[in-house]
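Engineer: Okay, here's what each chain looks like letter by letter:
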Amino acid sequence: MPVSSPSTVERRPTKITKMDDSIDVVQATTGTSDIPSYRPDAKTRRYDRQLRLWASAGQRSLEQARVLLIGCDATGCQALKNLVLPGISHFTILSPQLTSAQDVATNFFLHPDSVGSSIAKESVKYLKELNPSVEGAARLDDPASLLLSDPEFFLSFTLIVASNLEPSTVLQLADLLWDASSTVGGPDIPLIVIRNSGFVGRVEIQLREHSVVDTHPDTTHTLRLDAPFPSLEQHARSLDYSSMDSMEHSHIPWVILLVRAASLWKESHGGLIPQTSEEKTEFKELLKSEKQKGDEENYDEALAQSYRVWSKSEVPWELKQLLEDDTVNNVSVNSKNLHILLHALGRYVSSPPHLPPTAPSLPDMHSSTTSYIALQNLYKTQYQQDLSRFQALLVAVLNNVGLPEDAIPQEEVESFVRNVGGVGVIKGTPLRESREGKGALQDEIANFDEEVDSATCFGMYLALLASERFYATHSRWPGTTPSEDMAKDSREVEDIVKGVVGKQDEFSDILVESIGEVVRGGFSTIPTTAAFLGGVVAQEAIKLVTNQYTPLDNTVIVNLVKSESAKFKF
Amino acid sequence: MTAAVANANGGPSKLTSYLADETRFAHIDKVLDRRGPWTDERFVGGKETKDFLRTQSKILVIGAGGLGCEILQNLALSGFNNIHVIDMDTIDISNLNRQFLFREADVGKSKALCAAEFVMKRVPGVKVTAYHGKIQDHPQSFYAQFNIVVAGLDSISARRWINATLVQMAQEDEENLKPLIDGGFKGQARVILPTVTSCYECSIDMLTPPTAFPICTIANTPRLPEHCIEWASVLEWPKVFKDKKLDTDDPDHIEWLYRQASARAAQFKIEGVTWALTQGVVKNIIPAIASTNAIIAASCCNEALKIATACAPFLNNYMMYVGNDSVYTYTFEHEKRPECPVCGGESLTADVGRDWTLERFIDSLIARQDLQISRPSLSTSRGALYWPSPPDVHEATKPNLEKLLVDLLIEDDGITVLDPALPVSLSITVNFL
Numbered sequence: 001m002p003v004s005s006p007s008t009v010e011r012r013p014t015k016i017t018k019m020d021d022s023i024d025v026v027q028a029t030t031g032t033s034d035i036p037s038y039r040p041d042a043k044t045r046r047y048d049r050q051l052r053l054w055a056s057a058g059q060r061s062l063e064q065a066r067v068l069l070i071g072c073d074a075t076g077c078q079a080l081k082n083l084v085l086p087g088i089s090h091f092t093i094l095s096p097q098l099t100s101a102q103d104v105a106t107n108f109f110l111h112p113d114s115v116g117s118s119i120a121k122e123s124v125k126y127l128k129e130l131n132p133s134v135e136g137a138a139r140l141d142d143p144a145s146l147l148l149s150d151p152e153f154f155l156s157f158t159l160i161v162a163s164n165l166e167p168s169t170v171l172q173l174a175d176l177l178w179d180a181s182s183t184v185g186g187p188d189i190p191l192i193v194i195r196n197s198g199f200v201g202r203v204e205i206q207l208r209e210h211s212v213v214d215t216h217p218d219t220t221h222t223l224r225l226d227a228p229f230p231s232l233e234q235h236a237r238s239l240d241y242s243s244m245d246s247m248e249h250s251h252i253p254w255v256i257l258l259v260r261a262a263s264l265w266k267e268s269h270g271g272l273i274p275q276t277s278e279e280k281t282e283f284k285e286l287l288k289s290e291k292q293k294g295d296e297e298n299y300d301e302a303l304a305q306s307y308r309v310w311s312k313s314e315v316p317w318e319l320k321q322l323l324e325d326d327t328v329n330n331v332s333v334n335s336k337n338l339h340i341l342l343h344a345l346g347r348y349v350s351s352p353p354h355l356p357p358t359a360p361s362l363p364d365m366h367s368s369t370t371s372y373i374a375l376q377n378l379y380k381t382q383y384q385q386d387l388s389r390f391q392a393l394l395v396a397v398l399n400n401v402g403l404p405e406d407a408i409p410q411e412e413v414e415s416f417v418r419n420v421g422g423v424g425v426i427k428g429t430p431l432r433e434s435r436e437g438k439g440a441l442q443d444e445i446a447n448f449d450e451e452v453d454s455a456t457c458f459g460m461y462l463a464l465l466a467s468e469r470f471y472a473t474h475s476r477w478p479g480t481t482p483s484e485d486m487a488k489d490s491r492e493v494e495d496i497v498k499g500v501v502g503k504q505d506e507f508s509d510i511l512v513e514s515i516g517e518v519v520r521g522g523f524s525t526i527p528t529t530a531a532f533l534g535g536v537v538a539q540e541a542i543k544l545v546t547n548q549y550t551p552l553d554n555t556v557i558v559n560l561v562k563s564e565s566a567k568f569k570f
Numbered sequence: 001m002t003a004a005v006a007n008a009n010g011g012p013s014k015l016t017s018y019l020a021d022e023t024r025f026a027h028i029d030k031v032l033d034r035r036g037p038w039t040d041e042r043f044v045g046g047k048e049t050k051d052f053l054r055t056q057s058k059i060l061v062i063g064a065g066g067l068g069c070e071i072l073q074n075l076a077l078s079g080f081n082n083i084h085v086i087d088m089d090t091i092d093i094s095n096l097n098r099q100f101l102f103r104e105a106d107v108g109k110s111k112a113l114c115a116a117e118f119v120m121k122r123v124p125g126v127k128v129t130a131y132h133g134k135i136q137d138h139p140q141s142f143y144a145q146f147n148i149v150v151a152g153l154d155s156i157s158a159r160r161w162i163n164a165t166l167v168q169m170a171q172e173d174e175e176n177l178k179p180l181i182d183g184g185f186k187g188q189a190r191v192i193l194p195t196v197t198s199c200y201e202c203s204i205d206m207l208t209p210p211t212a213f214p215i216c217t218i219a220n221t222p223r224l225p226e227h228c229i230e231w232a233s234v235l236e237w238p239k240v241f242k243d244k245k246l247d248t249d250d251p252d253h254i255e256w257l258y259r260q261a262s263a264r265a266a267q268f269k270i271e272g273v274t275w276a277l278t279q280g281v282v283k284n285i286i287p288a289i290a291s292t293n294a295i296i297a298a299s300c301c302n303e304a305l306k307i308a309t310a311c312a313p314f315l316n317n318y319m320m321y322v323g324n325d326s327v328y329t330y331t332f333e334h335e336k337r338p339e340c341p342v343c344g345g346e347s348l349t350a351d352v353g354r355d356w357t358l359e360r361f362i363d364s365l366i367a368r369q370d371l372q373i374s375r376p377s378l379s380t381s382r383g384a385l386y387w388p389s390p391p392d393v394h395e396a397t398k399p400n401l402e403k404l405l406v407d408l409l410i411e412d413d414g415i416t417v418l419d420p421a422l423p424v425s426l427s428i429t430v431n432f433l
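These protein sequences, in sequence, are chains A and B. Counting in full-length UniProt numbering, the first sequence runs from 1 upward without gaps. Counting in full-length UniProt numbering, the second sequence runs from 1 upward without gaps.
Hint data in this document are derived by calculation from the structure and do not stem from the laboratory. Do not take every clue at face value.
Distance condition first, Cα-Cα at most 20 Å in a straight line; then the derived EDC-like pairs of lysine to aspartate or glutamate [claimed, not checked]: (1) A/Lys128 / B/Glu104; (2) A/Lys380 / B/Glu271; (3) B/Lys186 / A/Asp325; (4) B/Lys121 / A/Glu436; (5) A/Lys43 / B/Asp325; (6) B/Lys283 / A/Asp41; (7) A/Lys567 / B/Asp325; (8) A/Lys125 / B/Glu104; (9) B/Lys109 / A/Glu129; (10) A/Lys43 / B/Asp250; (11) A/Lys128 / B/Asp106; (12) A/Lys562 / B/Asp250; (13) A/Lys562 / B/Glu41; (14) A/Lys43 / B/Glu41; (15) A/Lys336 / A/Asp325; (16) A/Lys498 / A/Glu436; (17) B/Lys186 / A/Asp218; (18) A/Lys43 / B/Glu346; (19) A/Lys427 / B/Glu104.
Facing chain B, from chain A, some residues (calculated, C-beta under 7 Å) [said to hold, decoys possible]: (20) Ser89; (21) Leu98; (22) Ala101; (23) Glu506; (24) Ile510; (25) Gly534; (26) Gly535; (27) Tyr549.
With beta-carbon atoms standing in for the labels, derived distance ranges [as the list claims (entries may be wrong)]: (28) A/Glu451 / B/Asp407: 56 to 62 Å; (29) B/Lys121 / A/Pro132: 17 to 23 Å; (30) B/Glu271 / A/Tyr307: 18 to 24 Å; (31) B/Lys242 / A/Tyr307: 53 to 59 Å; (32) B/Asn316 / A/Gln97: 55 to 61 Å.
We put the beta carbon where it would ideally sit given N, CA and C, even for glycine.
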């Protein structure tokens, strides 16, 4: 990041303070004129509010993304809108349909003039207007036929959204993508599947494996108060508190106060940090006794943070799980970069101090500038050393598997090491499994409790699942015929649900009501439900494309009657 | 362009036949013609319900920004045909990544007018009336004409104002109870029934106070790039430019701050001052994207639809969405606060030490999370205790700051507080400890 050169330092424009109010702001910068402007260009300004969320790395990924929407309805187009605006590279809409008046009445990206024309072409036209740098295309084939005639077409996208498609086509598509990802080096294209009926919506994500390079955790610091690296401990121990004046003493950063106190404690306690609550109290009393005056803020901060001394530095549980995964243990020339990096990390933490690399960041704390910067530099230097050690191990791993030493870009290696605490991996399941009602669904059924908050949403999940089976036999959705048949359809869906849950007698009211609401919706697309789901889909798509933040894994039900949602992993 | 296409396809008759075709609403009619398992008793359904929604109801949208654009789209498609929208802002290029009714050529134009025009063009049959200006410039009678008010505002003071106005209207006349649906860009959607449910002011203590850096840190011991930027904007700008106001929308001003902050950072060996960070700190920019806005706006409009038609029970009364880690929503009933200055009946009590000066008392009011005030004027029934303005009253009351509060009040004296952020006056009963 741009930082001015030190030569400008002494030339702050003190003389300008004498100028009058009419001073021109541009002229007033003369005192610092050799600091380059870096004034943002039009594109940076357009994307300013989102760059603050996913930075330029995320934006780059987004700008390479090619998204396919299958099924051109209001929900799908709302999702695309929220992806075109932040600037994906390309979108294609696949639909053979012609626009009807009912489509226009629900979809903002159509106009009464569109009636009778290709719905995909019309929506592409209106969606493209949102962002001149995004490319849009319409393809008018029937999705099911295209899956048979040209499966390669689907594999050319970064991400696919299927909105309210025929259930059998969804499964064919899901199978295609799942199979493609099973071959070594094959594409792992996330599939987002949408189904909505009135106030009820379901979003599902199928992918084999997704890596998150930055979950954006609340804190990224690895302070290591209990297990300081040598230069930190030396620095803390070398300070002579007694020679300091009260100003200096009250500005020692709390990290130093705690590292030093912990180090002294360990010396007299056989190398152990405080264990029992008595010891912890004693530790705090010792710390308090170092105070020279009552109002030393740095000591107040240190006392408030002292719990960090006895919260042991270790490899986080989630990371440990990742390191033990087969794909990480057994790396080969075909392994993904992240797996190789994690493998090298496994080796890294196998030797002392058995901790992940130190992060170069430090929280703000009461301190003088010089003490703070000195401390910050200790962490930065340690990060550099840890990075070097990691890189040496990585080179050895790359050699072992037969890859060149520069197989993983330096930028990726550094970002991995800096962000080890924010790495995550999600393992998916094939959509077909959840459709067949195996495994996790049966567990969920066994644990069903109508008192829990998610009971209604789970009932709606079952209702949607059963409705898809209803569709398979009737070639129409429940609740789509005139109102008199609504109760009949509901009963039939109830019977299918009973078959799935395996309980014929005690059928919860919540299930009956959930089914009733889904059938009442008649698998229609209400504009507000479409907009809500479109927001959810785009949000998750952005996470999948940028590899930032943790995406949905793998099903969410939205119930807009009660304005609630619940997640499930099937 | 649209007109040319229309003619090519057979002219306005296509539009006429579209508008005459009532079956175009088949999707939404599924839930407007039929009752669901949770639908309220008062739901009629069918023609009567749809007539009210499509021809009689009148809805006000406050804000035509990130949430507002989405709200207008959703209301228009849901069948609200008489929509009014107020916004005082003009379009900036940084709006275009989410405020999807605007294009590059619209930069500088009124948000309200531009948004209204776009929606009417895209959804024929809908009438959107735009007001470019402040909500505070409209009298109560203006707000009385609407059935529902939907707010998509980023300004806390504007939300406090409309909330207080609608609560006051409902207190004066039950007939004037207007549901307020409040969308928050941080992920909240809530339904406020003025005087019935908790109001916006009831939850004011849930707002996280803005990060404030102590002046001594900024002046003497900067550690973060933010400290250098605050130094430039809070200390250096007034020193150099005297009374000239810092305009955080003026790139030249930001540039000046950026350069000053960079120089100071270099002097202290602090890394990380950038243009974007400078702008972010001084404008207090909150990141914003289309998808989050879409979810909140959709939820607000879904509630508007349910309130207008009774086709399903509406939200009671608060939903939050958080999208960092998977999809998470939390729906709960926020409770009324009995001592809420806007809708609560009970007066606020403040515990005060006998050794407190008036100044200390004022500082304690400013620090209160449940008040969120910054420049209070205090009076008793006998006159001003301390007013920061106008200058003559300020001069006359300034000496009181040093005095003990216990000496300034007489038995049972209540204190009345006015503040620019406070939409109503506040009565405080002092309890000396």
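Engineer: Are the hints correct? Go through all of them and say.
Structural biologist: Hint by hint, here is what the structure shows:
{"no.": "1", "hint": "A/Lys128 / B/Glu104", "result": "holds (13 Å)"}
{"no.": "2", "hint": "A/Lys380 / B/Glu271", "result": "holds (12 Å)"}
{"no.": "3", "hint": "B/Lys186 / A/Asp325", "result": "violated (37 Å)"}
{"no.": "4", "hint": "B/Lys121 / A/Glu436", "result": "violated (46 Å)"}
{"no.": "5", "hint": "A/Lys43 / B/Asp325", "result": "violated (28 Å)"}
{"no.": "6", "hint": "B/Lys283 / A/Asp41", "result": "holds (18 Å)"}
{"no.": "7", "hint": "A/Lys567 / B/Asp325", "result": "holds (12 Å)"}
{"no.": "8", "hint": "A/Lys125 / B/Glu104", "result": "holds (17 Å)"}
{"no.": "9", "hint": "B/Lys109 / A/Glu129", "result": "holds (18 Å)"}
{"no.": "10", "hint": "A/Lys43 / B/Asp250", "result": "holds (18 Å)"}
{"no.": "11", "hint": "A/Lys128 / B/Asp106", "result": "holds (17 Å)"}
{"no.": "12", "hint": "A/Lys562 / B/Asp250", "result": "violated (45 Å)"}
{"no.": "13", "hint": "A/Lys562 / B/Glu41", "result": "holds (16 Å)"}
{"no.": "14", "hint": "A/Lys43 / B/Glu41", "result": "violated (53 Å)"}
{"no.": "15", "hint": "A/Lys336 / A/Asp325", "result": "holds (13 Å)"}
{"no.": "16", "hint": "A/Lys498 / A/Glu436", "result": "holds (15 Å)"}
{"no.": "17", "hint": "B/Lys186 / A/Asp218", "result": "holds (17 Å)"}
{"no.": "18", "hint": "A/Lys43 / B/Glu346", "result": "violated (53 Å)"}
{"no.": "19", "hint": "A/Lys427 / B/Glu104", "result": "violated (42 Å)"}
{"no.": "20", "hint": "Ser89", "result": "violated (16 Å)"}
{"no.": "21", "hint": "Leu98", "result": "violated (13 Å)"}
{"no.": "22", "hint": "Ala101", "result": "holds (4 Å)"}
{"no.": "23", "hint": "Glu506", "result": "violated (19 Å)"}
{"no.": "24", "hint": "Ile510", "result": "violated (10 Å)"}
{"no.": "25", "hint": "Gly534", "result": "holds (6 Å)"}
{"no.": "26", "hint": "Gly535", "result": "holds (3 Å)"}
{"no.": "27", "hint": "Tyr549", "result": "holds (5 Å)"}
{"no.": "28", "hint": "A/Glu451 / B/Asp407: 56 to 62 Å", "result": "holds (59 Å)"}
{"no.": "29", "hint": "B/Lys121 / A/Pro132: 17 to 23 Å", "result": "holds (19 Å)"}
{"no.": "30", "hint": "B/Glu271 / A/Tyr307: 18 to 24 Å", "result": "violated (30 Å)"}
{"no.": "31", "hint": "B/Lys242 / A/Tyr307: 53 to 59 Å", "result": "violated (48 Å)"}
{"no.": "32", "hint": "B/Asn316 / A/Gln97: 55 to 61 Å", "result": "violated (39 Å)"}
Violated hints for the displayed structure, listed by number in ascending order: 3, 4, 5, 12, 14, 18, 19, 20, 21, 23, 24, 30, 31, 32.
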